[in-house]
Amino acid sequence: MERSKMIADITDIFHDVLDDDSLVITSATKASDIDDWDSLTHIELIIGIEKHFKIRFNASEINNWANVGEMCNAIDLLLKA
Amino acid sequence: MTLGDQFETRFEVTEQVYRGFMEIFADRNPLHTDEAFAREHGFSGKVMYGNILNGFVSYFVGECLPVKNVAIQHQQIKFGTPVYLHDSLVMHSHLAEVYDTVNAYLFKFYFQNTAGVKVARGEVRIGLLS
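Residue numbers (the numbering used here), protein chains in the order written: chain A, 1 to 81; chain B, 82 to 211.
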C-alpha cells in the first residue's frame with residue numbers, strides 16, 4: 001500500500017476517534033503533538049486501525065512506536081505478511 | 082471470556098434506586114418527578130432517569146463478569162422506550178468483539194421489559210487491568 005494512502009486512511013481514523021477533522025497527521029506526528037492522544041485514545045486508535053486494515057499488532061509493540069511513521073512501518077509489515 | 086458469551090442480568094427500578102439517583106444527582110426535572118407533567122406529555126407516569134440503566138451496566142461490568150480486574154473504557158446507550166418505576170428489566174448482553182492486542186472486550190446489550198419491549202440498547206467496552 002502506498003504510504004500516502006495509508007496516512008490518509010489513518011488520518012480518517014484519527015479524525016473519527018478524536019472527533020476532530022482538523023487534525024493533520026504525517027509520518028512525523030507523535031503522541032505529544034496531539035493533546036487528546038492519551039492512553040485510552042491510543043487503545044481506540046489501535047482498535048480502529050486493526051479493524052480497518054484487518055491486521056493484528058503484537059501487543060508488545062504498540063507502545064513503542066516513536067511516531068505515526070513507525071506505526072505505518074508496522075502496518076506495512078503485517079499487510080505484507 | 083470467549084467471543085459470543087451471553088449473559089442475562091435482571092434488574093428492577095425500585096423506589097430506592099429511583100430516589101437514590103434523584104437525591105445524588107439532584108435532577109428534579111418534572112418528567113422524572115411530576116406524575117401529572119409526565120402524563121400531560123404523553124407518558125404513562127414519571128419516566129425513570131435513563132442513566133439509571135447506565136448504572137445497571139456498571140453493575141453488570143463490575144459484578145457479573147467472571148473477572149474483576151476490569152475498567153470501562155467506552156459506553157454508549159440509546160433509550161428507545163420509557164422505563165417506569167417498578168419496571169423489571171432483563172439486560173441481555175453478549176461479548177461481540179475481542180481486542181487481544183489491547184486486552185479489551187466489547188459487549189453489546191439491550192434491556193428488555195416484561196412486555197418484551199427493548200427499552201434501550203447499547204455497547205460497553207471494557208479493558209482488563211494489567
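Quick caveat, the hints were computed from the structure, so don't treat them as lab data.
Fair warning: there could be bad hints in the mix.
[What the hints assert, rightly or not] Heads up, incomplete: computed chain B residues facing chain A, CB under 7 Å, no partners named:
#	residue
1	Q154
2	Q157
3	V179
4	Y180
[What the hints assert, rightly or not] The list that follows gives simulated cross-link-like pairs (lysine-lysine, DSSO-like), each with its CA atoms no further than 30 Å apart:
#	chain 1	residue 1	chain 2	residue 2
5	A	K54	B	K127
6	B	K127	A	K51
7	A	K5	A	K30
8	A	K51	B	K189
9	B	K189	B	K159
10	A	K54	B	K159
11	A	K80	B	K159
12	B	K149	B	K159
13	A	K80	A	K51
14	A	K54	B	K189
Even glycine gets a Cβ: it sits at the ideal position worked out from N, Cα and C.
ask   = Against which earlier hints does the structure fall short, listed by number upward?
value = Checked against the structure, the hints that fail are numbers 2, 3, 5, 6, 11, while the rest are satisfied.
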